[in-house]
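Participant: Sequence:
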Amino acid sequence: MSADIRAISGAADSKEGVRLTAEVEKVKGQLIAARNEYADTNLSAAAEDVPSLPKKVHPQLRQHLKGHFDRIFDLDWSRDSQHILSASQDGVLFLWDGFSGNKQHSVISMTKGGTLTCALSPNGSLVATGGLDNACSIYNIGSREADPVGVRQVTRVLEGHESYLSCCRFLSDEELITSSGDATLQVWNVESGKSTATFKGHLQDVASFSLALDGNTVVSGSSDRLCKLWDVRTRECVHTFFGVEDDITKVCFGPTGTWFGVSSEDGSCSLFDIRSEHKVANYATGQGGVHSAQSIAFSLSGRLLFTGYNDGIIIIWDVLKSVRVGLLTGHQKRVSCLGVPPNGLALCSGSYDMQLKIWN
1 MSADIRAISG AADSKEGVRL TAEVEKVKGQ LIAARNEYAD TNLSAAAEDV PSLPKKVHPQ
61 LRQHLKGHFD RIFDLDWSRD SQHILSASQD GVLFLWDGFS GNKQHSVISM TKGGTLTCAL
121 SPNGSLVATG GLDNACSIYN IGSREADPVG VRQVTRVLEG HESYLSCCRF LSDEELITSS
181 GDATLQVWNV ESGKSTATFK GHLQDVASFS LALDGNTVVS GSSDRLCKLW DVRTRECVHT
241 FFGVEDDITK VCFGPTGTWF GVSSEDGSCS LFDIRSEHKV ANYATGQGGV HSAQSIAFSL
301 SGRLLFTGYN DGIIIIWDVL KSVRVGLLTG HQKRVSCLGV PPNGLALCSG SYDMQLKIWN
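For the sequence shown, UniProt numbering begins at 1 and goes up steadily by one.
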């Protein structure tokens, strides 16, 4: 994505568009500078007296899940912490048993052009997927109605976005949220297939969003380098966070829902505290944009941050100390998605090398 704000009056390349873009950047810089005056400390300084982790963190590879024939873009853990749903550009979604490594279900997606995201409903009976066709398709895997090759009929098609779907997640068995390259998020009623709310405010593609555990708050990250906090109940943006220096790739809430992490194309990750409305930590490899950060996840305790990079490496960070405490190798290409199950006992990684790996 371009580093400039593209959407002002639809004229980013005109003289007026360039002028307005520069003016917006100037005001944004002034706001950041004013806020930084009140930032009297950071997380590392505040946690100076907290004991460091006693040893290096070395999760072991427990399962190696093979079956996809193209790049894996997304994964979603089930609420029982046993199953993993994966989506690939090959157009197939697999539901895996994380304990045995076996496939439990397969869905051949009817998404045209490529599948970019997937989600599993809380009760495990519905699968949502979307991608380059600008729509979100719902499948019922709880039903036995499938043909011999696994093709299932679409239960619902949620249409309303004007660009590709970047992410989808179930709020409940009845509600779903999607984000899109059209710079919006939408809330949907799964039964009716109708959009019940649209979150507007981003200036470029919404790359990712994350749900707080209470289901009342959503944080979104965009190519406009902004993160926005949304109240699901009021359907309003309650705060906008600045401070990311390159296009955002993923956002992820911490387990308490009071802070969230952001990965970006320049290879850095940031931690934002919702209560102070401020960026409190930065996690950088020092390699610049050579290996961009593509995915993030937190441990159940919140002490560890897992970051997947473009070169296939996963780095484990001590959240409080902002230091690297572990390294996972095994993927050969971009680590596009990471996920920790609700019980916190494992980490699943998905990659452009067409494989998923489970670590603990």
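Some hints here could point you the wrong way.
[To be verified] Here are the simulated lysine to aspartate or glutamate pairs, EDC-like style, with alpha carbons at most 20 Å apart:
{"id": "1", "residue 1": "Lys194", "residue 2": "Glu174"}
{"id": "2", "residue 1": "Lys194", "residue 2": "Glu162"}
{"id": "3", "residue 1": "Lys194", "residue 2": "Asp173"}
{"id": "4", "residue 1": "Lys112", "residue 2": "Asp133"}
{"id": "5", "residue 1": "Lys112", "residue 2": "Asp97"}
{"id": "6", "residue 1": "Lys112", "residue 2": "Asp173"}
{"id": "7", "residue 1": "Lys66", "residue 2": "Glu16"}
{"id": "8", "residue 1": "Lys321", "residue 2": "Asp133"}
{"id": "9", "residue 1": "Lys321", "residue 2": "Asp273"}
{"id": "10", "residue 1": "Lys66", "residue 2": "Asp318"}
{"id": "11", "residue 1": "Lys112", "residue 2": "Asp80"}
{"id": "12", "residue 1": "Lys200", "residue 2": "Asp173"}
{"id": "13", "residue 1": "Lys333", "residue 2": "Asp353"}
{"id": "14", "residue 1": "Lys357", "residue 2": "Asp311"}
{"id": "15", "residue 1": "Lys194", "residue 2": "Asp247"}
{"id": "16", "residue 1": "Lys55", "residue 2": "Asp318"}
Worth flagging that the hints you see were computed from the coordinates, not collected in a lab.
Participant: Can you give the numbers of the hints that this structure goes against, from lowest to highest?
Facilitator: Hint check: 5, 6, 7, 8, 10, 11, 12 and 15 fail, others pass.
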